[in-house]
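Residue numbers (numbering that gives the first Met the number 0), protein chains in the order written: chain Z, 0 to 610; chain A, 0 to 89.
Treat the hints with care, as some may be off.
The calculated SDA-like cross-link candidates involving lysine to any residue, where the alpha carbons are at most 20 Å apart (straight line), are [unchecked claim]:
#, chain 1, residue 1, chain 2, residue 2
1, Z, Lys330, A, Gln39
2, A, Lys4, Z, Gln381
3, A, Lys10, Z, Lys343
4, Z, Lys378, A, Leu73
5, Z, Lys103, A, Pro43
6, A, Lys37, Z, Asn328
7, Z, Lys330, A, Tyr70
8, Z, Lys329, A, Tyr36
9, A, Lys37, Z, Asn379
10, A, Lys7, Z, Gln168
11, A, Lys10, Z, Pro606
12, A, Lys7, Z, Pro606
13, Z, Lys118, Z, Arg473
14, Z, Lys330, A, Lys4
15, A, Lys7, Z, Gln381
16, A, Lys10, Z, Lys118
17, A, Lys37, Z, Tyr325
18, A, Lys37, Z, Val351
19, Z, Lys343, A, Tyr36
20, Z, Lys330, A, Pro43
21, Z, Lys330, A, Leu73
22, A, Lys7, Z, Asn328
23, Z, Lys239, A, His5
24, A, Lys37, Z, Thr345
25, Z, Lys239, A, Gly48
26, A, Lys4, Z, Pro606
27, Z, Lys330, A, Ile45
28, Z, Lys329, A, Lys10
29, A, Lys7, Z, Thr380
Calculated directly from the structure, the hints in this document are not laboratory data. In this text, all values refer to a predicted model and were calculated from it rather than measured experimentally.
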Amino acid sequence: MNPALVSFGLYVLAVFALAWIAGKSSSKSKSFVNEYFLGGRSLGLWAFALTFATTNASGGSFIGFPAKIYTHGWVLALWIAGYMTVPFIAIGVLGKRLNYVARKVNAITLPEVLGKRFKSESVTLVATSIIVLFMFFYLMAQFKAGGMILSTLLSEEPLFINGTEFISQFTPDGMDPEYLLTLIIFSLAVIGYVVYGGFKAVVWTDIMQGIIMFLGVAIMLILVLSQVGGLERATRELHKMVPPKTCEAIFERTPESPVGKILIKKGTWYKTNNDTVFIVPSESTIIKEGTNESSNVNAYLYENSKPKNLSEISSAQIKSQKGYAYGENKKGVYLTAPGPDLKKGTGFLAIVTALSFFIFWPFGGTGQPANMVRLMAFKNTQTLRRSIITVAFFYSFIYFCLVVIFCCGKVLMPGMEANADRVMPELAALLSKNAGMPWLAGLLVAAPFAAIMSSVDSFILILSSSLVRDVYQRINPNASERKLKSLSYMITLGVGILAVFAMMNPPQYLQDLIIFASGGLAGCLLMPMALCLYWPRMTPKGAIAGMLGALIIHLGLTIIGFKMTGNFEPYDLLDLNPFIWDVIGSAILIVSVSLLGKNSHQGHTDPFFVD
Amino acid sequence: MTQSKHFKQAKRELFIFLTGWLFFAAWVLIYSYYNAYKDQNEEPSITLGMPSWVFWGIAIPWICATAFTVYISLFVIRDQEFSNEEEQKK
């Protein structure tokens, strides 16, 4: 059996074992809901720090982020730089206040905190609806990313191939049976341990996943630097590289060609007789035996590139070349800002966009419900202080090292621009193979898998806690512990299964879906939650106006962006991330509606602001 | 309405967090604006293996931000007692 698969399998088994132990521990608690959804508010240093850090680092950090570094170069250090302030902003700004008041009023979910602050059912319901809406989009995207990673590991396993053949009999046209099978395996694994173990299982597995992520990055860093010949050499090589051109390669049978079928295999480098090097990125084609037909394939053309494993073919012609909108033939473009870009003539990262990301990472992180829920679960302020330090070192290491790893990876493994989303598992496989340790690929691939799992499990739990606590318990306030227990299991299972069904035909633009959902969540919830904790004059009408206003702005910018580009991407008004407009709109609405209305809730605000 | 000690302290800490964010945002973005957006067609400017603008504009402020985080965690954020509703009733 594939050694990478064995080590990966051991990792998954360890996750299950931890979840089982956590589930046993949770079932002994007196208050099931408090224990299942918030771990009894008893998280210590490592549990709180690592569950916070890993929940924030989703599939995007290990799939989308490496793809961006590979495509645009060192400028991604500026793109991610806002993470240097994430620990003290995302934990510090709300942490102590939120934990303090949530304990004081015995709130378990975020909508409950808002509802208890204003004594308003409407506020709770609006917040719950927003969380359910955006969380579901986010969850869908993570399920797809999990399936993609599994397919890298399993695609050549005989058992998996047989399984794919079996499942293809029941798969409707247009649905990829391989993807469907990986989706089912991934979902069974994650949903299984979340349903059984609840919050504690999520946190305990997050600790292990955090360690795996840290080790994975550390090992990759050492391997990539040793194999590329040092960081300075990699940066100098990167300086010589220029972005590829997209083109059409036409393959024809010539008198010199072999008689049988000609396979034009994806991922293979070809060289034409005038020394042009190109790669066929996404689809394999066959010129059938005995025919003289030509085959047109989309390809990426590289100048100054000397790849290994070059296939010589004299019968290919290159047509309709098209360069990058920014960075074509520009030496040094991977070392500087704004970085090359295929579509945008102004480059990848204008300085205004860099500013908007410096705002988005820390403050967007602060507004994520998965993060805020964790802020309600730490044990005491000593834990909070030490956790901020731990998270700071964790993020500094992970994110800066990822930039170094994939800038070096581009030099080691050129030609993956068209399949940049696969650069992480492919580089892991290459580094392990070069190091003569194929089992290591399993551990390295476990790092992004751990990141996805740790996000998915948290989101499933937030969705189900919102439905159990903020909807069902409001309708049936006297429901028994036993009833709540079975309902929590059922709803957690139901949410997971629904996400799997929704992702059977995944949308094309995965990364855009993640950005839409995470930006929407933070945009709608950050200001209402922050002002609810820090501004006594805020009113329930102000809270509702702030949430709904941000929702309308977010959806409006997304619809405008869709109409303008035809893609599922929001319109960046003045080059600023839509999240910033959501927050500005939300703040203005909360303040103006609150000041215009009567402050009739001052008495109710007491537990939040008075001893 | 007399504000609780906890609330007053939280507001003081909030001010320090936001000032810290503003300082590092200004450092990174102003330095990068003047140094990262320059063409490097010929010899690249490299410090410790990375482009010099990354070293002075990202790596060094990142180290300082981590030091700042350690400092405020140890010396600025105050420890406070937490109690929940049930404990208060008791």
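So, against the hints stated earlier in the document, which numbers end up violated here? Structure breaks hints 3, 5, 7, 9, 10, 14, 16, 21, 22, 23 and 28.
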